[in-house]
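Okay, here's what each chain looks like letter by letter:
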Amino acid sequence: MTLRVNGGAYRVRAEAARTLLEVLREDLGLTGTKCGCDEGDCGACTVLLDGEPVNACLVLAVHAQGREITTVEGLADGRWHPVQEAFAAEGAVQCGFCTPGMLLSAVALLARNPDPAEEDIRRGLSGNLCRCTGYVRIVRAVRRAAQALRGGGRD
Amino acid sequence: MRFELLRPETLPEASGLLVRYGEEARPLAGGTDLFVQLKTRRLRVPRLVDLRSVPGLAEITYRPGEGLQIGPLVTHARLATHQVVREKFTALAEACASVGSPQVRNLGTVGGNLCNASPAADSAPALLALGAVLRLCGPRGEREVPLAAFFQGPGRPALAAGELVRAVWLPEPAPGTVSTYLKLGRRQALEIAVAGVALAARRVADTWRDCRLALGAVAPTPLLAGRAAAELEGTDWGGPALRRAAQAAAGECSPISDQRASAAYRRDMVGVLTVRAANRLAGKEAGPGA
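Line order of the protein sequences matches chains X and R.
Using our numbering, the letters of the first sequence correspond one by one to residues 4 to 158.
Using our numbering, the letters of the second sequence correspond one by one to residues 306 to 595.
Misleading hints may appear alongside valid ones.
Stated by the list, open to error - Covered, in the sense of this in silico footprint (three residues per stretch, anywhere, with C-beta under 8 Å from a C-beta of chain X), are these stretches of chain R:
1) 337–351
2) 474–483
3) 486–496
Said to hold, decoys possible - Here are the simulated EDC-like cross-link-like pairs (lysine to aspartate or glutamate), alpha carbons at most 16 Å apart as the crow flies:
4) R/Lys344 to X/Asp44
5) R/Lys344 to R/Glu309
6) R/Lys393 to R/Glu371
7) R/Lys589 to R/Glu477
8) R/Lys344 to X/Glu25
9) R/Lys344 to X/Glu42
10) R/Lys393 to R/Glu477
11) R/Lys344 to X/Asp53
I should point out that these hints are in silico values taken from the structure, not numbers from a laboratory.
Think of the CB as a built atom: it goes at the ideal place given N, C-alpha and C, for glycine as much as any other residue.
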């Protein structure tokens, strides 16, 4: 079957019970998406399906056919995405394991709500657990990214 | 996980597969409960009957004056943000918005939530308070079941072999009806309710009418608290009435102690949430997200 990932099309073996997380990591070598709890409880495996955040560990690869899949590898296009810039500038990355999922949830949040209040940010990231940072810098980074995105795009 | 994925193209075909394979198959909706059960080996089945290959099960259709029809595969995310649901069936929007996380809400479905029949299912108290009726279809044809009669026990929905939920039907509420759902948990997301309370009613002059109160996570099934609702009915929801209703609600539930909370705490919280729900509808308390 064919999966559309980060703007490209990839042919992968269609096996009923394989999750999108397994196929992304093992077939496509896109290891930016992490396996945390494998049960939809931590958000480390967050990817976007047609722009909507989902837990890739709970999506069958066959159900992702015909959808646009975005992983963390799809955010930069030669340069870092403003959300990535903001995370780096605010020191919002420690061990980095939650970061890909956080970035994608943030991207989805800001696409839906370009000027989120702190409560909106926290709610938008409520499906992504971080064991290192205490979330403060992550929230700051999302606010910073929102400002950058409102301020005229990526240049 | 290991299973064969069967992909029927019609509901009768799906029913037929479920009947044919019996205990060796389960229907698949959003997968947010089923996959967790399979991955943790709480459930072992060799076949899943994929309902997502059947077209037309994810529609929301509002018929003004009649009611709202919700397909079983409609996600919590869509119900939480749908304008008609938010305005006229607010408790349902609030309940769906409280499920899991943004990621889980984009996958999990209302049909799956009901048929998984957890005592703590968030959509259930809201749908009970709003008078939901389920339209089922199976090998013996179609039938309607009031949601209040659908839960037979933890994890036991009233579905005959091969029966599936075709739609969730919510009748048009009487003008002026307001509703809300309060969920108590140890944290604000990714949590199974410790106690859930849904209240629907409408104000007529100084009194409240058509009061319906439903409780979740405090009994083997979600349930309507009729005695508590009777204490609210026709009153002004002042302090004494709310205290009587809270006491009645606490008496109508039968919670257990588990890793999330003790039975005594849950019973107490049912009373607290009942009062809070009433005050929220009466405009005396901040709404969700405040």
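Evaluated hints:
no.: 1; hint: 337–351; verdict: holds (count 5)
no.: 2; hint: 474–483; verdict: violated (count 0)
no.: 3; hint: 486–496; verdict: holds (count 3)
no.: 4; hint: R/Lys344 to X/Asp44; verdict: 13 Å, holds
no.: 5; hint: R/Lys344 to R/Glu309; verdict: 15 Å, holds
no.: 6; hint: R/Lys393 to R/Glu371; verdict: 12 Å, holds
no.: 7; hint: R/Lys589 to R/Glu477; verdict: 26 Å, violated
no.: 8; hint: R/Lys344 to X/Glu25; verdict: 13 Å, holds
no.: 9; hint: R/Lys344 to X/Glu42; verdict: 8 Å, holds
no.: 10; hint: R/Lys393 to R/Glu477; verdict: 8 Å, holds
no.: 11; hint: R/Lys344 to X/Asp53; verdict: 26 Å, violated
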